[in-house]
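Trainee: Chains as they are written, first to last, in the numbering used here: chain A, 1 to 528; chain B, 1 to 111.
Just so you know, not all the hints are guaranteed correct.
Stretch by stretch, here's where chain B covers chain A in the computed footprint (C-beta under 8 Å, at least three residues) [stated by the list, open to error]:
hint, stretch
1, 137 to 149
2, 168 to 179
Straight-line distance between alpha carbons at most 27 Å, and here's what the computed DSSO-like set of lysine-lysine pairs gives [to be verified]:
hint, chain 1, residue 1, chain 2, residue 2
3, B, Lys23, A, Lys499
4, A, Lys459, A, Lys344
5, B, Lys93, A, Lys499
6, A, Lys344, B, Lys109
7, A, Lys285, A, Lys98
8, A, Lys285, A, Lys495
9, A, Lys98, A, Lys22
10, A, Lys341, A, Lys144
11, A, Lys487, A, Lys499
12, A, Lys495, B, Lys23
13, A, Lys421, A, Lys96
14, B, Lys93, B, Lys49
15, A, Lys144, B, Lys49
16, A, Lys492, A, Lys285
17, A, Lys459, A, Lys252
18, A, Lys98, A, Lys492
19, A, Lys96, B, Lys49
20, A, Lys459, A, Lys419
21, B, Lys109, A, Lys285
22, A, Lys63, B, Lys109
23, A, Lys285, A, Lys430
24, A, Lys499, B, Lys109
25, B, Lys93, A, Lys144
26, A, Lys391, A, Lys96
27, B, Lys23, A, Lys344
28, A, Lys252, A, Lys263
29, B, Lys49, A, Lys421
30, A, Lys459, A, Lys263
Just so you know, the hints here were simulated from the structure itself, not pulled from any lab data. In this text, a Cβ means the ideal position worked out from N, Cα and C, and glycines have one as well.
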Amino acid sequence: MTQTLFLIFLPIITAVTIYSFKLKHIEKLVLIMQSSITFIILDTYTKIGHSQGFAFVLGGYSKVSGIELKMDRIALAFSILAIIIWWALIFYNYAKIKNDLRFGFFLIFLEGVFLGFLQANDFFTIFVFIELMTIISTILIVYKRDSYSFRAGFYYLLFNSIGMMFYLIGVAVIYQSIGTLNMTLAKEILPSMFSNPFIQMSYIFIIVSMGVKSAFFPVYNWLPKAHGAAPAAVSALLSGLLVKSGLYVFIKIGSVFQPWLLKEYLLYIGLITSLSGTIFAIAQKDIKQLLAFSSISQIGIMLMAISRLSGYGLVGGVYHIFSHAFAKSLLFLTVGLIINKTNKRRLNEIRGVYESSPFMSIIMILSLFSLIGLPLFSGYISKDIVKYSVKDFGIAYLLFSFINIGTLIYTLKFFQIFKGKGTKYNINIKTKISFLILLIPALILGLNPTFIENIFMIKIDYFFGNPNIIMIFEYFIFVVLAIFINKNYVEKEHKILYKLRHFNLSFENSVFLLVIFLFSLISFNFII
Amino acid sequence: MDFRIIMSLLTAALGLYGLAMSKNIIKSIICLQIMESAIVLLYLSFADKKNGISPIHPGNLTNMVDPLPQALMITTIIIGSAISALALMISIKIYHHYETLNWQEIMEKDG
């Protein structure tokens, strides 16, 4: 099964080709490449059946020291998600890829790197791919070349590199202890060594680095800056996929370590991430910053679920990654279009989007419904599973309702852009195609969870068939509360909101928080 | 524990301290490089053994040190140089836009 190797090398070769030979029909070459990797991934999906996946070692080395690529079931699911999002991005940036060689080069190259990252099955190859992703996405973040984007890109690059240094320290300890970097082999050897404090430390170091990569509670300061500064397509990519790379490594490494103590701590970290992301999102006035903080809040929900590392928790987390990826990419792409047409970024300045483009507004409203978890949308099923998986933790279960109310409040804030009068936008057909590419899978996921059921080989009991009367009543109360808080506090500009909006952390303080995060994990593991 | 391992961890901690304390962008890049060098030292001292010979030595393969960490560290050094090159390039652009390399002043100018 070496065909999955083409998923990595076809995009990279295409990217190098379009940059070095200045061909006439670049965009057609990109479409051919994209179609062929779609064909390969569908072929892999049909071949995988009930097996756990395919693995092979590059270059004929032994498994102990060689580079192994493994396409397991979760990697397959993420690859399909990545390819769908890149289809949308290629259509969204069709003219830009044609005219701007460099942008096309980095965008397509990043696709190969990301698909390679998903298949990497040893600790060091994951590091190499993550660093490549960081470098390329930095270049894409600073692509607008204004002062703010340079600063945000620099912050992103440096902070993520520091995180990966922690990862390397963790990997060094693992290599010293078990003599291999292969994850499949590590899974067999490591369980007998869990009582070793050095192995526990290595796990903690890796968790810290993934916390930086995926924006966990004290170390998410880079995310709103980077999302706010990047071009629309890059924001969609960052929020939809690249931020989740840390969670993906967490799933992969979690299956190796089966952590026995940190589970609860990470659940509460997820809860705090989610709550603080929601509160900051309510305070924002900038439309892209609001979406960025909303991403943080959703990442917290995913972490809460994934930290269970088994059963419904993992299923709910991955389901939520999927539903959030589609909804948030769509929102970033549409908002990018609005900013492009009107040159306004503030929520209270943008008006009349519905009159300007009913088609786009309906797409935006559908993805907002998915974000708040309205029944019949994918966010509903995923949040329901997550809520079910944390039901043993009273505080988490209770505060989950607060997160839902907060999500409703900032969504209500977002809804004001549809009101009022506006001039007609003309959206070209390729942009419309890109929206539909993201919308159709999102709607399918909301009505029919067969895809996730196939990936996990599990049956999902969702409440679509018999909507519980209590749940609908609960939802109704949430909406009423959200409208009340929005009217009385958010619209009247309570002074706490002003303070939250202007809260800013400098780079040194963020590094300091990173150290505190590390020590909190260590103390939780060894003292409590 | 080996003296070199303790030294490399201390150097990494020193780099982290510099990152948490320095106000200058260039110093931040230097501190990141210090951390990375410390990690290279950590890997190499993990792989080393007493009277070991380098893995590229022809013929005698008896007391050879582990070659894998050395191969990994070459990759790490290359990635580190790419990151510092990119970071320095962006810092030049930041200086052109803000006319300062101080984190605090940049934040104030951004508002």
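Trainee: Given the hinted pair B:Lys93 and A:Lys144, is their alpha-carbon gap at most 27 Å?
Mentor: 12 Å, holds
Trainee: Given the proposed pairing of A:Lys421 with A:Lys96, does the C-alpha separation stay at or below 27 Å?
Mentor: Distance of about 30 Å is beyond 27 Å: violated.
Trainee: Does the structure keep A:Lys492 and A:Lys285 at a Cα separation of 27 Å or less?
Mentor: 13 Å, holds
Trainee: Quickly compare the C-alpha distance for B:Lys93 and B:Lys49 to 27 Å and report which way the hint goes.
Mentor: The hint is violated at about 46 Å.
Trainee: With a cut-off of 27 Å on the C-alpha distance, tell me whether A:Lys495 and B:Lys23 pass.
Mentor: With a Cα-Cα distance of about 31 Å, the restraint between A:Lys495 and B:Lys23 is violated, given a limit of 27 Å.
Trainee: Hey, A:Lys98 versus A:Lys22, does the alpha-carbon distance stay inside 27 Å?
Mentor: 11 Å, holds
Trainee: Verify this for me: three or more residues of the stretch 168 to 179 of chain A with a beta carbon less than 8 Å from a beta carbon of chain B.
Mentor: holds (count 5)
Trainee: Hinted pair, alpha-carbon criterion (27 Å max): A:Lys459, A:Lys419. Please report holds or violated.
Mentor: Violated, because 42 Å separates the two Cα atoms, which is more than 27 Å.
Trainee: Does B:Lys23 pair with A:Lys499 here, judged by a C-alpha cut-off of 27 Å?
Mentor: Satisfied, since the Cα-Cα distance of roughly 24 Å is no more than 27 Å.
Trainee: Is the Cα-Cα distance between A:Lys63 and B:Lys109 27 Å or less?
Mentor: 53 Å, violated
Trainee: Decide if the proposed pair is consistent with the structure: B:Lys93 and A:Lys499, CA atoms, cutoff 27 Å inclusive.
Mentor: Measuring from Cα to Cα gives roughly 31 Å; hence the hint is violated.
Trainee: For the pair supplied as a hint, A:Lys391 and A:Lys96, confirm whether the alpha-carbon distance does not exceed 27 Å.
Mentor: 47 Å, violated
Checked against the numbered hints above, the structure breaks hints 4, 5, 7, 12, 13, 14, 15, 18, 19, 20, 22, 23, 26, 27 and 29 and satisfies the rest.
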